[in-house]
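Chains A and B are the protein sequences, given in the same order.
Residue 971 is where the first sequence starts when you use the numbering used here, and the numbers rise one by one after that.
Residue 971 is where the second sequence starts when you use the numbering used here, and the numbers rise one by one after that.
Hints listed in this document are in silico derivations from the structure and should not be mistaken for laboratory results.
Some hints could be false.
Note that identical chains are pooled: a pair holds if it fits in a single copy or bridges any two copies.
To be verified - Listed next, the in silico DMTMM-like pairs over lysine to aspartate or glutamate satisfying Cα-Cα at most 25 Å (straight line):
no., residue 1, residue 2
1, 1065, 1203
2, 1065, 1029
3, 1065, 979
Protein chains: 2
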Amino acid sequence: MTMPPLPTEFALIARHFRPLAGPGALGLGDDAAVLTVPAGRELVIAADALVAGVHFLPDDPPDLVARKLLRTNLSDLAAMGAAPLGYLVTVSVPKDTGDAWFAGFAAGLAADQAAFGLTLLGGDTTSTPGPVSLSLTILGTVAPGTALRRNGARPGDGVWVSGTIGDGALGLLSATRRLDDPTGALLDRYRLPRPRLALGLALHGIATAAMDVSDGLVQDLGHICRASALGAEIEAGLVPLSEAARAAGPALLETCLTGGDDYELLLAVPQAHEAALREAARATGIAVTRIGIFREGEPRVTLRALDGSLHGDGRRDHGGWSHFA
Amino acid sequence: MTMPPLPTEFALIARHFRPLAGPGALGLGDDAAVLTVPAGRELVIAADALVAGVHFLPDDPPDLVARKLLRTNLSDLAAMGAAPLGYLVTVSVPKDTGDAWFAGFAAGLAADQAAFGLTLLGGDTTSTPGPVSLSLTILGTVAPGTALRRNGARPGDGVWVSGTIGDGALGLLSATRRLDDPTGALLDRYRLPRPRLALGLALHGIATAAMDVSDGLVQDLGHICRASALGAEIEAGLVPLSEAARAAGPALLETCLTGGDDYELLLAVPQAHEAALREAARATGIAVTRIGIFREGEPRVTLRALDGSLHGDGRRDHGGWSHFA
């Protein structure tokens, strides 16, 4: 007698996900992965969910969806100064989702696994009567005691950001045809975050606090302020914008400062470490820009607008992206 | 100036999830958790997703949904012989989900954290235009080399199961009012799996293969057969049924054998280890029953029905639960 065919769910896993499995995944054939965290390293672990129609568009190509899912999580590792180790992914899709979607999704994971140096450890594939719902748990490691935190900023530290701010938020406007994006650069930044892993790995001993900007610069800076019990002042005119964002015009500056999906690093760096920060930026090829300063005071963000006026973050329109506001 | 109110998403996390956070979670206030896996232990890690309308009913109480989510994952640890360490959870819910739902969900997690000895490490809360979609990643540990696998069964090993089989599948019939369930025992088993952690921890050196029964006994036994390159024969008359399942009548026996949601352990145990298995069962208070034998041959399951007839698992109606069949 011949072996009966495997149910489709297991065939899908074997065809598309098993090739992504690495050491410890046991070929995705057991109830769990088993791995040894490298000796003398702490485990860093985070999870993010992406939902079609909320975090990506239902007709976004599945390879880009997969890469965004992996990269938003890699950005959390970057913010902690951690090196990637592996990931687990759960995928809930409508029953009529075709093999091509899974093939594209797996191809996106494969490309970024190779680019960022990690492998699949496990996960789950289920059906859903709703939109595609994805969840990814990422594992990384740090040398003991070196993880970057949000709570270490000190008065006088500069507020720094990597890369450029606002492209993701403008890219969403482009994707939904509310903004002209002739080069496609903004859409590309919305769909494909650039986790700043190399920079994050270089920041131990340089940054006193770090996080990634995912919910909007002003709101996320507020998190560092609360964790560090400090105020922060930033100047809109200092916030680094891409050429495409500048071309979109000053009316969209507020969108850039409060929109989400940047996946840049937001840092607190003492003046004495600025030379080391610039050297780390040069070595990793990732630009950094000083946009303000942390000060003693209430844990809030003050923004100096282009016209010199000051705005507090108590204003709703500076609040950033919240799922339940 | 007073501190501006936090956006609702972060208030939800602070109110309901932060009290669940344990060592390494950093109060859920950073981009990731940082923890040290205990020295000399391997990390065991798995992820499962649950979707309303697929894995639980949309009006199931949120505390029971949370406990089912945690327990289905704990069952994977049990199947690996691992001790619980912690978990991350992502929660995607409709925008109009009220505070009471989150309070109930967190209360369920709190109850089972205490019962099973683990704490929350991190996660994500997002909105969805679809049904509630949950994903949980569980972490456990084992002594190096002691994880139970699916691939170690040998010819002549007995096929064993813990507890009773079929209550979960019949409980779903009860929940959807297709089966009378006067005591509510079946519904309770559907909503609240019993992960067999204590038994799993006692099986190193006793079981040659193990997994948990989540997709139906026959289908899951097929996974051990494929992983171990063996056939298996089981007798329907030996499969342990609860009093409630027996009361449901013999017409539902096939549902018991092929339905999902058992979360019992399925084991391969050599005859020489049967006394040790029975002692482990006695010590943990978890019943075990021998239902068949592994044999050389094609990796397939043969079922001897109550009337003595033989059935192969190539039959679709013995295939168990697959999300995409």
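Results for each hint:
1. 1065 to 1203: Neither, since 50 Å and 33 Å both go past 25 Å.
2. 1065 to 1029: Both ways: residue 1065 and residue 1029 sit 16 Å apart in one copy and 22 Å across, limit 25 Å.
3. 1065 to 979: Answer is within; shortest intra-copy Cα gap is 10 Å, inter-copy 30 Å.
Going through the hint list in order, the structure does not satisfy hint 1, though it satisfies all others.
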